[in-house]
Amino acid sequence: MDSQLLRDLKKLLGTDGVLHKPEDLLLYEYDGSVEVARPNCVVFPRTTADVVEIVRLANRHQIPLTGRGAGTGLSGGALARRGGIVTSFARMNRILEIDAENQRARVQPGLVNADLSVAVEHLGLHFVPDPSSQKACTIGGNVSENSGGPHTLAYGVTANHVLALEVVLPSGEVVHLGGAALDAPGYDLLGVFVGSEGTFGLVTEITVKLTRLPEMTKTLLAIYDSVGDATETVVEITSRGITPAACEMLDGWTIRAVEAYVHAGFPADCAAILLIDVDGLREAAESQAGEVAEVCRLHRAREVRLARDAKERDLLWKGRKNAFGAVGRLSPTYYTQDGVIPRTKLPETLRRVDEIGKKYGFEIGNIFHAGDGNLHPIILFDARQEQQFRNAVAASDEIIQFCIEVGGSITGEHGVGMEKDRLMPLLFSEGELALMQRVRDVFNPAGMLNPGKIFPTKGCGEIRVRPGAQPASA
Amino acid sequence: MTTAAVSTRFGDTIGAANVATDPAQLVAYQIDGKTPTTAVRPGSAKEVVEIVRCAAAEKLAVVPCGARTKLSIGMPPRKYDIALDTTRLDRVIAYDPGDLTLGVEPGVALQKLSSVLAEHGQFLPLSVPFMERATMGGTTASGVDTPLRQFYGTPRDYVLGMEFVTGEGEISKSGGSVVKNVTGYDMHKLMIGALGTLGVMTRINFRTFPLPQATRTYLATFRWANAACEFRHSIARSPLRPLSIEIIAAGDTVMLRADERPSELFEKRRWSALVSIAGKEDVLARSRRELESFARTADRDSLESFSELGGGDQERLNSYIREFPALATRSSFPAAIFKISVLPKNLVGLTEGIHSVTMRHDVPWAVMMRGVGVAYLALMAPDRGAESLQRLKEACVSVFRSCAERGWGRGVLVSCPMEFKQEINVWGAVSDDFALMQGLKKVFDPHGIFAPGRFVGGI
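From first to last, the protein sequence lines stand for chains A and B.
Numbering-wise (this note's numbering), the first sequence opens with residue -11 and increments by one.
Numbering-wise (this note's numbering), the second sequence opens with residue 119 and increments by one.
These aren't lab readings, by the way, just hints derived from the structure by calculation.
Predicted, not measured: the structure shown is a model, and the values here were computed from it.
Here a beta-carbon is modelled for each residue, glycine too, at the ideal position from N, C-alpha and C.
Heads up, none of these hints are tricks.
Examples of chain A residues lying across from chain B (beta carbon under 7 Å, computed):
(1) ASN90
(2) HIS164
(3) ALA172
(4) GLY179
(5) PRO330
(6) GLY396
(7) ILE398
(8) GLU401
(9) GLY419
Take a look, some chain B residues computed to stay more than 10 Å from chain A by CB distance:
(10) GLU176
(11) ASP208
(12) ARG209
(13) ARG251
(14) THR333
(15) THR371
(16) ASP419
(17) SER437
(18) ARG448
(19) SER474
(20) GLU505
(21) ARG519
(22) GLU541
If we strip away everything but chain B, and leave its shape as in the complex, we get (with noise of 0.2 Å):
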């Protein structure tokens, strides 16, 4: 079938103006640099069978979306026919407070969301990147993680089942809608992260927490690395619970917008630590004096201050907390960002290979370090010159030399200049579980329909 005659099928099936190959709208959904000749809208779950068992059918590659906000984590795809808008399955299906279970479709936004949960006093603890866009199937699909992971784990903890579609066109479905079940295997888990490449999920179940009365945040200031995170040890070997713990510093600031930049965060060179903690006043009191007390024992000379934040002030901290990992879509010079994961008792030694390596290759950078040992690392080009981008191009394969070099854990680029897509592999090298990753592909995707190219190992 000619490009014309899938799209006029696909018109047939989901309604014409929900297809779109005018190469002005097919923009909007480049990746890399690659545009697709058709973006599709589907409104259910049945229309997303026609449109995989079509593309199936003609050997179409399909690259699943929502918002577009993380379409440059991973690799180009080998092959990108249709785009696949998942926006338009935005119903919450099933939603019973008292169960605290919640199902929805992909293409829900993320903000909308939270508005109906907040009317019943809960949420999802799903403060991601690009939260005013996002939606709830790329935020699953992409595997972005949050700060508030410390208390409340990842999206592998808290969804419950789901419904998607095969590279076959077929529905399935895995785990439930309730909060305990170990019935059959929990395919679900294999979609969350997969970046779209094991099937279009059409159906999520969640679920949600009650909201926390009240948080504060609390900011801790040194001057060395090693005070923040010996500060980090502290509350990790005391009985405070915390939300999230944040350490974060840059080399340079130059890299960081003026205009949202906290200037508390980023001072003089300074390692900042952002510590939210949610309970009633007495728990509230007992947390800040403990926490300045760990401050300021966790290196004599190095603490510069200590403070609890206001409503205001934490509100913007913690959003520039959350979208951190956004970074490099926002500042003006070619930026790239890894993630790296670490033990947490590593986090010091990852903070030494920060400055050996930037140091090395003269590069600004900016880090953001959870508590749970999870850095996303900034690094930049200081102009767009071709010296300047080959440089941050060598620092990001030092990063990954170090990762395996010093015991760091993996790291993944998780967003870089395109054209760096050419020589590095942004997934690092694979392990030894690729060929049960490799099986798994062909099982749920026989043709490779999905995303082919996008995810790790060339998957």
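Just chain A, same shape as in the assembly (with noise of 0.2 Å):
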């Protein structure tokens, strides 16, 4: 890398806010996908203007750059893939406002995203979107992937909680989209940046809704011996017009190998649990589950628990959001897909990764938000052995194909980064795809930000992870 370059960034940021060793930038090689791209050099920016100054510099020196916050991805988002400097949010992760008034709080990119629920529980306040990772995960994270989490289901992902942004463009200028009051007038470009997957600019401040912690939550575990009748009672919650606030459910298999780790309580002889919380004020949640009991026992659940108080909800829910860091004990290497269908459809699709699993030869364990249905096939397989991961990619995309033929999506939160980026076709035409392409370049237009990700690129096929790979949790 240009040396010249080097010195100006370590000029700007000083000694420690610049890695460019081998050593360091192995660790930012990776993300929670399945993917490695190595970063020329990794800097940590303290503020806005210093990000200014990485993006002026990255420019005169024509290189790539790729925004990161903690690196939980699971699509390769904040992997530079063409290499170039990885700007870390790591050092912009202050809370600098709570209006608890208004119900508002400006954040910088790099704040943990569990770390702002905590800061304002005392005030009766939450951040709702809560992807599994979110004791790590960044808040800029969530905005650039518009994640999900458990309880989006009644209250909706990422997007629905940003008000405002501060943007560092890839010119250098800085814009503020949205703004705390809502309607801006004009076009919508926080709804469009939201998600943008960090093609769009880099996020230096973002203001987000703060939501009312409900009067009461309750927990329900629900124990099925047959998968289909855990689906069943899924679409009859929603038919008879509940929204719980979260309805997961998790599969025999990936049940016995979160008992083995977690004790949550989980029978490891059943075929199907779910874990459904329901909340609001304190006589609607009673009521809701009582009915949500009520069609679970109606569709054969062999037993429905309801969590007696906070300590025997908190561990269910540690069971439900540790799943993937228990499945990866039992093997080398796992990928988790995303695949997002329609509700009813949720046996078939079942059955279809069943036989998907058989015909490859692999486990493949069932953990997902059940309610808005989206999928979290998991695939066993060892990474070190080149055929395995080959195969492991093709049946993950048998099941990718088998949403879309049901009308599906291939991502309901992850992301397409690398990951998916050549699966786009089968859901896009090119002039769709040229479309997206040009509304990128209007933020975007050297596309020296995040080069490389959601649109599909030349020479695909390429085996994508390194013998050995350990990707982290969901």
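Mind docking these for me? Both chains are given alone in their own frames, and the hints should help you get the complex.
What follows is the structure, given as structure tokens:
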């Protein structure tokens, strides 16, 4: 890498603000996906002004630039696919303002998601989006990926909870999108920016909506001897007009993996469990919990447990949120999919996933946001064996293909990144992809910000994982 | 091509019966006094493509419209050749109650759709003005909001995807029809509220919602604005989850049509707060108790009355609230309506500002403030005289100035006498993201044929 650029970056950020030695860069080759890409250097700005200077330097040297939060993403969004500078927001992690009266907070992008909810809990507020990685992932990353989480079923994903952004464009210009007050006149640039996977600009400040904590949350665990019964329960809950705060499903295989690790009290001999939260006013939560339990029993749940207190509830949720960690203990590598289907198609989709697993000889665990039809099949394989990796990708593609056939989508919350760029033509025509690229060019005309993402690139089919790669949890 | 030749070509494409060139028919498509030369009513997305391609080739300006209830939003078009009437695109393409998803063509009437959804115990939380005529496309493209946004948000929160025709006559799509999806850029968000300046929608996918089983509306009437606002804040701090919170008042009821003015809302310069809550009996009983207690403690001496509205009254008052932003189109005198966004805690400051502006210019006013921090302020000229009109215009300028100086947030003049638009930009000043908006306009509509000049900053 250009030594002048390195000197300039060090002058700007201090020697401890720039990493460039191969051993230091190793960590930044990865994120939570199965992808690998090494940057030339990693920089750690502290202010918006630093970010502006970094962007200008990158422009002067015509070197690609990629933003990075905690690197927990599952689609390679934070990886420097074409090398260049990775801008880590680890040092821009402050809460700038909490405005309880207006239920807003202004934060820096590197703030860890869960830290915000912890900081406002005493005010009776929280930040709704809760990806499973919320103890590590950053709000800047959530904005880039439009992250979801179990509790987005009733309350919406990141895009529904972001009000304003300060953004450094690839030109070095600073712009403000949206506003703390609602409905800024003009095109909804905020809406199109959230979820643009770091290809439009570097976010330096975020104004989010804070939501009042529910007076009561009831957590139910329903245990089934058949996956079909569990999925039918989900469909009926919805058709009864109940919108649970969360509705998660784990299949038997995943339950056993989780139980061995977390000891959440999931029975090892069942075929599926549903983990359901209902919340709201005490009266509403209680009656909904009763109704949900009734629906579960109607669909042959062999047991319905109601968490008695916060401690029991936390344990059940710990089982769900650590599921990916539990799976990680079983296999050298696993590949988590993120397909979406109409929720009424759950039973047939799960049957198909099972068939695909058998066809390729993989164990596939299923864990998913059942309420909104967002599947996370987990394929266990050994990346050290090249054929296994190829098969895992092939099996995964078949699952995604099926999701599309039943009217779904290729990613519900993980993003396209470098993982699914080659699958985009399954959903979008050449003309539609070209239009999206022209939209990107408005923000990022030279394509130097986070290049090689979202859109199919030539020469696909390369082996994208190094033997021995060990992805992190979801 | 001459106008006649273009019309003939449209006739060949979509049938002569669906092309209007008769001035008497075209009056219905006027925007701020401008009349198009042709109105076309395509029956399919493919026909929209043909029309747009022809318009692009001939550099003709196209304004897409539905039931034409909100054409006065925005600035007059710089050029207006073709009214693209979407009301024949009125099919429900897909509705899956089990998945809570819906795909419709833009010309579907909101009311017709409501009955389709109600059969399955579902609805769309679009309690918007011109409810009896409004189409899904117009509702989406105009960016109107609804009292129900307090609980459900706005279309940007529940539009799942879209299909649209770009200014080059290409059909494109964005998003999908599943409730959770992050595949590709959410271009459909750009279309919402864009007044048809980026494309013609041909399909809109929505998430539907279960229809609440029982809903009650509570009315608290206060002497002072600050008490009404404090009432709103108490609710926000409580665990209650209302569907809507609206505060309404009038400085002078002269501007409100007596036959439709609910007397409960506008008595003696009072500030009325209407709160709707859904739930079972126990939830409603508790909500009523707590709301009454918040109303009593908001300001010791300010509460005049608190009541639970019965069936007919509830329906009548909520319809009034729903239609309030359309007030100007029904009043017999020239009126101007602002939409002003504020942080909720600045609602009181907004009411003080309204007092000072309207007193200074001596214009009658009425205001409706949503609890989320969006206010509709109606100002009126007390008669049709030139002096009154001038006063009204000056008051409008003052409101824009106050938005900037008092830090209210952004103000948009959503409705006003069309002659005001020669001097006032109804969108207010542009912000630092405007160059990006211009760039996007060029991407979607490179020939500048869609509703030129109607949108923010002359887009």
